Amino acid sequence: MLACHDLVLRYRNATRPAVGGVSLAVNAGELVCVTGPNGSGKSTLLRGMLGLLHSERGTATIDDKDVCQWEPANLAAAVGVVPQREEITFPLRVRETVLLGRYARLGPLGAVGLEDRAAVERALIRCDVAQFADRRVDQLSGGEWQRVRVARALAGEPRALVLDEPTMSLDVRHEMEMFELVRELADQGLAALIITHGLNLAARFADRILLMSDGHTAALGTPAEVLIEPILSRVFQWPVAVTTTPDGAPQVMPLRRPTGAGAI
Amino acid sequence: MVGRTTWCDYPAEARAVPDLGDGIAPNIEAVLGQRPDLVLLYPSGRNAAAAERLRSMGIATVQLRTDLLADVTRVGALLGRLTGREREAAALKARFESALAQATVKQPATVPSVFLLVWAEPPMTVGAGSYLSELLQRGGGRNAYDDLPTSSGQVSIESVVARHPDAILVLGDSTPAFATRPEWQAVAAVRERRFVFASGSQFAHPGPRAPDAIRALARSLVALP
Amino acid sequence: MTRWLGLAVATALVLLLGVALGSVPLRPGDVFDGLIRNTGEAAVIVRELRVPRVLLAFLVGGGLAVSGAALQALVRNPLADPYLLGLSGGAGLGAVLAIAFGGGSPWAVPIAAFAGALIAVALVYRLSVVAGRRLDPLVLLLAGVVVGSFAAALMSAIIALSDAPRLRNAFLWLLGGFSSASWPTLALFAIYAVIPLAVLLLAARGLDLLALGEEPARHLGADVERLRRRIYLAASLLTAASVATCGIIGFVGLVVPHAVRRAWTPMHRVLLPVAFVGGGGFLVLADLVARTVLRPIELPVGVVTALVGVPLFALLLRKSLA
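Residue numbers (my numbering), protein chains in the order written: chain B, 1 to 264; chain F, 265 to 489; chain H, 490 to 811.
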């Protein structure tokens, strides 16, 4: 569904490409997590795969069609995106915000049909935000607001869902709820792509993990293939230990600096 | 006389006197350059500071209000005293007052009401206590807005309609551009082109030519249909 | 539903009041007679002067409020004003040039003001396209300030250098007013305003997306660049026409959208039409105050909107912070 092949992306006037030849495919029913240190090119890769950046080399495709060939509205109808940051300038109500997710599917003159209303209600329930559908979005907690934004992306009934650090500054419960929700959606057939710093969340929910380092693929495979001590220590430049949870997922534990070696 | 403002254009010889710029907030350097013994200024807020500067440099400076006809003789007498020519000033005053009395229309047959339009976009007029209104009255007319609470102001066209002015005085010498604008057609005097033209600086500020201005107005008013 | 009904009734009342009252006191019977019969002085005052004036004020007020609301969403700043983008400077320069050099045409000042505003719009557009390539809101604002300041400087230079003291009266014209309202002016403005108004109203959903920011808007399917271009041009053209008809009338485009957002909704499908009606009613009332409070003297309507708008805005600001 979402794919890129040998994708090279470079910002204007930059000497080095931000993404230097990455290949990835996210299929329907699959949850893929992209992780890596700050500045390793995760968000840039996402922008390239969504056609916000033009590739210098390689291809980014959606349904095997070059992403830059897509009409903005068709693309939005196919792929739901929850961007990383979003400031609220003019606070709408929750239901109105979710309705914006239908923009690409609305009728002529922006008319809202029965089908649109039904899709909005489904998305509200799906993300467990229906109980405060009439509240203003600037009066929500961080976790509620994130769920509303996922509901907005789902209201358009996309076949793929892309989230850029959706659990940033969320507590444990909301973090888990977010990943449980996306996992469930993927199990129902959505292609899901999440950028995250949560290695352990990725370990437990993702089908595959792309670990990026300096714009390149450091590792790509199942959590058990990617989350191994030598790779992680090298990529993050910090010693880690990898253990296993009772359910069999690898768990990454960063280690304290050995006493006496702290004077670097 | 060693300097004048840009607007001092009468008599014609005045143009030979160096032009020192605007009369409000004058260029102090240009004034000093002429080494005057006495500087005359109009009393406006911005001129008060200039007067203070000039005085502090040891130059006698007087601020003179010259808004109305009565100011002409008052200022004349004052200047006579200041320059030590009181006799000439008195003679001038007598000459001016008799010229004024001669020009003034006594007991006119009818007193047409005139709308004094000093600016058209937006319509601005002047009230009873203005020089133009004084000229009009002496010329045998009546200011259509002599009840204006301020010396000048913007008025609405509908109030002009309701006051039925017999004529409209405009500053200029030909039919003004606004006469063809649709909203002004509501005013009968505009539709029928009953304009009185006031052109030249004798209508703008009081001075020795005021009697000429009054006579010109009187002629125009009599000629009205 | 009751809110829409209330708005309709209030609007009808304001329009009626605007026609019934004026600098000349007329009896209600005379006003009614003047409306339906074709003769007499009341008919001239009511039909030829008051009705077109009230309707023009309504259209201009509505246009300013809609432009303001749209530009605020475009630059994602509730403090944006329709004149922010260099328009007023360009229009002022045009008006001053027309008064300084314009000859006998009775339409010289409005035409020159319109041309000046259009040139300013084009310059701001060019600048922000060259600099940011994508009509970035911040670059747009900066370009507006740059062009506006330059035009204002040119205007001051012309006024200072010109030997016509009457140029100072150009400021009177710029302060705004509807004294030049007439049926032809109204018809011209109405015909002209239909297209930009329609463009803005049809872009309501797109404005909701733009208000979220560029990336979210893109992800939700907005063609951001095209949308921005369309909204910027429509709002500017609408504002330019209103400057040409009645000078610069501040605060309508700022206060009205702000009030509607607070009292009703920030959703543009509702916000834009309500702001249109609210802005129209507000300006009709302001003009009514301008022409009656000191009669026979008329105040510049821009002064009234500022006198009413500033305290109102301060109040709204306090409330929204509380």
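Bear in mind the hints are in silico, worked out from the structure with no lab data behind them.
None of these values were measured; they are calculated from a predicted model.
Built from N, CA and C at the ideal position, the CB exists for glycine as well.
There could be a bad hint or two in this list.
Said to hold, decoys possible - Per the computed footprint, the stretches of chain F lying under chain H, defined by three or more beta-carbons under 8 Å from a beta-carbon of chain H, are: (1) 345-355; (2) 359-367; (3) 386-396; (4) 431-445.
Results for each hint:
1. 345-355: violated (count 0)
2. 359-367: Violated - the stretch 359-367 of chain F has 0 residues with a Cβ nearer than 8 Å to chain H, which falls short of three.
3. 386-396: Held - the stretch 386-396 of chain F has 3 residues with a Cβ nearer than 8 Å to chain H, which meets the minimum of three.
4. 431-445: Coverage by chain H holds for the stretch 431-445 of chain F (5 residues, Cβ < 8 Å).
Going through the hint list in order, the structure does not satisfy hints 1 and 2.
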